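Novice: Sequence:
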Amino acid sequence: DAEVVIDLGGDIGTPEMVDAAVKAKLWQILGMGINRPELVRYISGKGIAVANCPGHLSSDALADCAVMLMLMLVSYAE
Numbered sequence: 001d002a003e004v005v006i007d008l009g010g011d012i013g014t015p016e017m018v019d020a021a022v023k024a025k026l027w028q029i030l031g032m033g034i035n036r037p038e039l040v041r042y043i044s045g046k047g048i049a050v051a052n053c054p055g056h057l058s059s060d061a062l063a064d065c066a067v068m069l070m071l072m073l074v075s076y077a078e
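Each residue of the sequence shown is one higher than the last, beginning at 1 in the numbering used here.
A portion of the hints provided could be inaccurate.
Claimed, not checked - Here are the simulated EDC-like pairs of lysine to aspartate or glutamate, each with C-alpha atoms no more than 16 Å apart in a straight line:
| # | residue 1 | residue 2 |
| --- | --- | --- |
| 1 | Lys23 | Glu3 |
| 2 | Lys46 | Glu3 |
| 3 | Lys46 | Asp64 |
| 4 | Lys46 | Glu16 |
| 5 | Lys23 | Asp1 |
| 6 | Lys25 | Glu3 |
| 7 | Lys25 | Asp64 |
| 8 | Lys25 | Asp7 |
Stated by the list, open to error - Restraint-style ranges between C-beta atoms, simulated for each label pair:
| # | residue 1 | residue 2 | range |
| --- | --- | --- | --- |
| 9 | Ser75 | Ala20 | 47 to 57 Å |
| 10 | Ala51 | Asp1 | 17 to 27 Å |
| 11 | Met72 | Glu16 | 23 to 33 Å |
| 12 | Met70 | Lys46 | 13 to 23 Å |
Because the hints were derived from the structure by calculation, they are not lab data.
Remember, predicted model here, so these are calculated numbers, not experimental data.
Virtual Cβ for every residue (Gly too), placed ideally from N, Cα, C.
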């Protein structure tokens, strides 16, 4: 019944798991990149969105991007 699957590192998921996740809308990979592009294509082919989190669970990268966006918006508005 899960709508979101969290795949630690992107190496845990299998096509059988994707087939079992009939209600899934998002397959979230917690890792630096996509190690298994064939699985990503398989997941996408089932109509499930796939996303990854670069960085250590992306907290530092997300904070950096948020501050950069705020600075860009402030300087753009002036």
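Novice: Each of the hints needs a verdict: does it hold here or not?
Specialist: Each hint tested on the structure:
{"no.": "1", "hint": "Lys23 - Glu3", "verdict": "5 Å, holds"}
{"no.": "2", "hint": "Lys46 - Glu3", "verdict": "13 Å, holds"}
{"no.": "3", "hint": "Lys46 - Asp64", "verdict": "33 Å, violated"}
{"no.": "4", "hint": "Lys46 - Glu16", "verdict": "12 Å, holds"}
{"no.": "5", "hint": "Lys23 - Asp1", "verdict": "6 Å, holds"}
{"no.": "6", "hint": "Lys25 - Glu3", "verdict": "5 Å, holds"}
{"no.": "7", "hint": "Lys25 - Asp64", "verdict": "28 Å, violated"}
{"no.": "8", "hint": "Lys25 - Asp7", "verdict": "14 Å, holds"}
{"no.": "9", "hint": "Ser75 - Ala20: 47 to 57 Å", "verdict": "49 Å, holds"}
{"no.": "10", "hint": "Ala51 - Asp1: 17 to 27 Å", "verdict": "20 Å, holds"}
{"no.": "11", "hint": "Met72 - Glu16: 23 to 33 Å", "verdict": "44 Å, violated"}
{"no.": "12", "hint": "Met70 - Lys46: 13 to 23 Å", "verdict": "37 Å, violated"}
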